[in-house]
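Residue strings, one per chain:
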Amino acid sequence: MAIFQSKNRKNNQILPYLFTSLTWCSGALIILIFIGLIIELCWQGRQAFSVFGFEFITSTTWNPVKQQYSAGVSLIGTLLSSCIGVMLALPLSFGCAYCLSELMPRFIARYMTATIQLLAAIPSIILGMWGFFILVPLMSKYVQPFLKQVFGNVPYVEILFSGGTFGVGILTAGLILAIMITPFITAMMQESFANTPSMLKESAYSLGATKWEVMRHVTLPWVQKGVIGGIVLGWGRALGETMAVTFVIGNAHHAGWSLFTSSNTIASLIALEFSESTAGSLKMSSLMALGAVLMMISFIVLFCSQLLLKQVLKSR
Amino acid sequence: MSQKLQKLHGNKNYLLSWRFIKNRLMTIFAFVTLGIMLCILVSILTNLIINGFSGLSFFTLFHMTAPQGLPGGLLNPILGSIIQVGLATLIAVPLGILGGVFLAECPNKKLSASIRFIADMMMSVPSILIGLFVYIILVMTMGYSAFAGACALAILALPVIARTTEEALNMVPVAIHEAGFALGAPKWKVVFLVCLPAARGGVITGILLAISRIAGETAPLLFTSLGNSDWSWNIFKPMASLPLVIYQYADSADDIWINLAWTAALLITIFVLCLNLIARIYVDRRRKKDQSL
Amino acid sequence: MPFVYQKNLITFSMIGLSFAFFAACLPSVKAQNITNITGVGSSFAAPLYQNWAASASKEIDIKVNYQALGSSAGKNQVIAKTVNFGALDMPTSTEQLTSANLLQFPTAIGGVAVVVNIPGIKENQVRLTGDIIANIYQGKITKWNDPKIAGLNKDIILPSIDIAPIYRADGSGTTQVFTSYLSKESADWKKNFGANTSIAWPVGMGGRGNGSVASTVKNIEGGIGYVEYAYALQNHLNTAQLKNISGSFVSINENSIKAAAKAADWVHAKNYSVDLINTKDDDSWPIVSTTYILLPVYSQDSKAVIKFFRWGFDHGDAIATQLHYVPLPIVVKEKIEKTWEYAGVASKEAKK
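Chains as they are written, first to last, in our numbering: chain Z, 99 to 414; chain P, 30 to 322; chain V, 5 to 356.
It is possible that some hints are incorrect.
Unchecked claim - Below are the DSS-like pairs computed for lysine-lysine, each with C-alpha atoms no more than 30 Å apart in a straight line:
1) Lys-339(V) x Lys-62(V)
2) Lys-342(V) x Lys-85(V)
3) Lys-85(V) x Lys-266(P)
4) Lys-67(V) x Lys-266(P)
Please keep in mind that the hints were generated in silico from the structure rather than gathered at the bench.
Starting from the given sequences, assemble the full structure and let the hints guide the process.
Right, dumping it as structure tokens:
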């Protein structure tokens with residue numbers, strides 16, 4: 099392409115070079131930032147990794163008095179809260195996407211889509227605030243006692259719903275995350291559904307299939323990968339969410355079976371403890387190492403989601 | 030499968046059949062989920078308006094934040110947010126547009142594909158990690174500053190702008206490219222003076238969406254611009270911003286501060302939602318224009 | 005096609021105009037040479053410093069930006085020299101002071117209140133002991149109507165709801181003060197958890213800063229937490245009575261904090277590191293602490309910092325009392341003035 103071989107032209111020798119080099123630089127900048135992000139976090143966390151070794155991931159102690167740090171509790175909290183978020187978001191977003199792309203008249207659906215997408219635009223700190231002031235009292239007064247009553251006597255399940263009903267905890271954090279990622283997954287699903295060839299759908303309708311059967315047997319198999327990719331991408335977003343979670347998770351270093359216990363996520367732990375740690379201390383290094391762990395997890399998750407979505411784009 | 034469907038359709042009591050009921054149930058389920066999401070949105074917005082509107086006065090908008098117990102406003106966080114988001118936009122827009130041009134025009138398809146892949150991933154990288162990164166790079170060397178905060182926000186906005194610019198450039202008809210070449214213009218002139226102006230709708234939409242995304246970000250500002258209870262024009266000093274004030278005030282137990290936090294939240298939400306609506310309307314208009322052509 | 009339409013021109017100029025309008029509305033910045041100083045640290049003392057800063061900026065040319073990030077942040081950032089002064093609630097050891105070239109002095113005395121949220125229970129109605137609190141925070145007492153608590157509170161009916169212990173999730177001097185109190189009261193606590201700015205809490209949930217602990221206690225039924233006294237008052241939280249070392253139950257108020265401050269030995273304390281926990285006086289509140297300032301000895305801005313705190317000592321007692329801190333005794337203030345001069349930081353021209 100001529101833009102990168104413009105030295106052949108005799109006039110305007112400088113401008114083409116300038117533009118070409120500038121575009122190359124900003125392209126390279128994206129890679130540099132990304133790689134720098136990974137390397138710097140690992141480098142700053144090297145002290146923690148070398149002191150604690152593999153125990154940093156597996157152990158669950160976080161004891162500033164004894165200078166023992168590990169990622170265990172916050173890792174479990176991160177994975178658990180985001181998984182709850184995805185599990186709750188899945189039916190919600192599927193229902194919304196089904197409703198918006200198949201059931202509603204086109205012109206209403208357009209406005210509804212825009213409305214649901216407004217939810218995605220609300221900054222996470224505001225969701226956190228809403229969660230803290232509106233959702234937490236609701237959870238502690240109604241939802242958690244109700245769950246405790248229903249599942250309290252079921253063997254094995256009761257352990258999930260034991261403990262005090264204070265409103266904060268992993269379940270509430272999962273709920274907030276679900277609200278955050280639902281519009282996102284909905285948009286992905288809607289886009290995937292729209293990509294199904296209408297010929298396939300119409301031939302199923304002509305055979306007398308109901309709307310649900312078309313969705314279940316025609317559209318969903320066709321867009322499988324796109325939908326999964328969207329869900330995984332939503333999961334990736336939920337993993338690193340900081341502000342909304344910090345408000346409602348309770349910020350405690352416990353890992354318990356109960357969904358009502360306060361816990362911690364990597365992101366919220368970093369946000370809380372960071373300003374407290376001396377530069378160069380083991381604690382600071384541990385926090386950076388936590389960041390590196392979070393980066394690794396989200397890297398893997400996002401990588402998978404992009405791969406899945408890439409295949410969908412290719413098949414279009 | 031078609032056999033299965035035909036067999037099912039053969040059932041005379043079709044209206045009472047399980048298929049029909051299942052279809053109904055799924056329809057109800059879908060509308061219920063949509064209703065839940067709408068309820069949540071309405072709940073958030075009404076709470077914001079009810080709690081935030083009472084504090085939205087002339088006094089709040091034109092007075093500095095004050096210590097607990099004294100009457101205070103939100104002037105310095107508002108201005109701080111405007112300055113930091115503006116600075117971030119100034120940094121991110123040129124770099125993002127150039128990056129988008131690179132993605133669209135790079136001759137090495139493998140390279141551009143991998144950068145595109147990375148840019149897509151960067152859009153979802155936890156924002157707190159970007160805050161950490163900027164802390165390591167900038168704050169460790171030159172202290173807390175509004176500039177560091179703006180850099181963190183710019184890193185968040187960069188991939189969004191780059192990707193939307195690229196998509197907008199790819200939408201530009203080949204005929205426009207070729208018309209430029211036919212006039213004897215070199216490639217860079219065609220790209221920057223013909224294609225980019227033709228794609229400006231998409232680019233502007235991308236910029237608006239990027240701004241609306243970074244305006245409400247808190248996590249990257251936490252370790253970079255620190256917050257400031259007073260006003261400072263110096264971008265190399267700590268600076269206040271609305272999200273940080275919300276983070277600080279919402280956790281206090283003081284009713285006045287909580288009210289101020291709601292007001293700040295209302296301001297950010299109005300700003301972000303307006304930007305989103307403008308971007309969306311803009312997209313819709315352009316789509317209509319394209320269809321009429 | 006021209007890139008800028010007429011319409012766009014109008015839009016841009018509108019945006020520009022609104023910016024100009026906003027800028028014009030800014031309070032006019034005085035052309036004096038105002039010194040800006042930044043401090044971070046204890047949220048325990050944050051209301052005091054922020055109020056002092058607001059009043060001082062009218063009288064002296066110093067603007068103070070104080071961010072309540074927690075005591076360990078105060079210490080760490082002042083050692084890292086990213087701020088002009090750090091504020092913390094526990095004394096720093098002499099070795100650390102000399103190795104980092106820091107100066108330490110106290111500014112005010114405050115009490116840590118134990119706040120509770122029990123439905124139907126009013127201010128200062130519930131009586132607790134240090135041992136019971138240690139048991140609560142260890143997860144050994146989980147209900148408010150536990151026989152141990154009920155035994156102390158025969159005159160009131162405690163509901164059978166879960167206790168939600170709430171603590172500071174960030175490193176905090178308030179935590180240090182509170183846990184050293186628990187360590188003195190309970191041998192179990194001392195052995196298992198000890199006293200520090202942040203410890204490995206076995207149960208409960210964390211809040212960020214005094215304010216967050218206060219609001220969490222306020223929001224959660226059955227909550228118990230510890231906050232600086234001013235926060236408890238400002239936020240209308242119910243405090244609990246505690247048994248002090250003389251065996252009497254006291255409620256937290258200015259007099260009980262003052263009694264504790266009086267009983268301490270200020271004269272012989274090195275670097276002002278006095279221990280105000282469990283002071284031997286019939287009326288004294290058991291959890292009291294001094295709040296300190298750390299500032300670098302070799303720094304130009306330290307002069308301004310000292311000027312600010314000198315103003316605070318001379319004119320700020322009323323503000324401190326209003327915010328429910330106890331001002332330092334005159335003897336201590338005089339000793340601090342000598343320290344400033346001795347360290348050679350107090351510049352002569354700053355003195356009037």
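Outcome of the hint check:
1. Lys-339(V) x Lys-62(V): Given that 30 Å is the threshold and the Cα spacing comes to 27 Å, the pair holds.
2. Lys-342(V) x Lys-85(V): 25 Å, holds
3. Lys-85(V) x Lys-266(P): 14 Å, holds
4. Lys-67(V) x Lys-266(P): 13 Å, holds
Hint violations for this structure: none, all hints satisfied.
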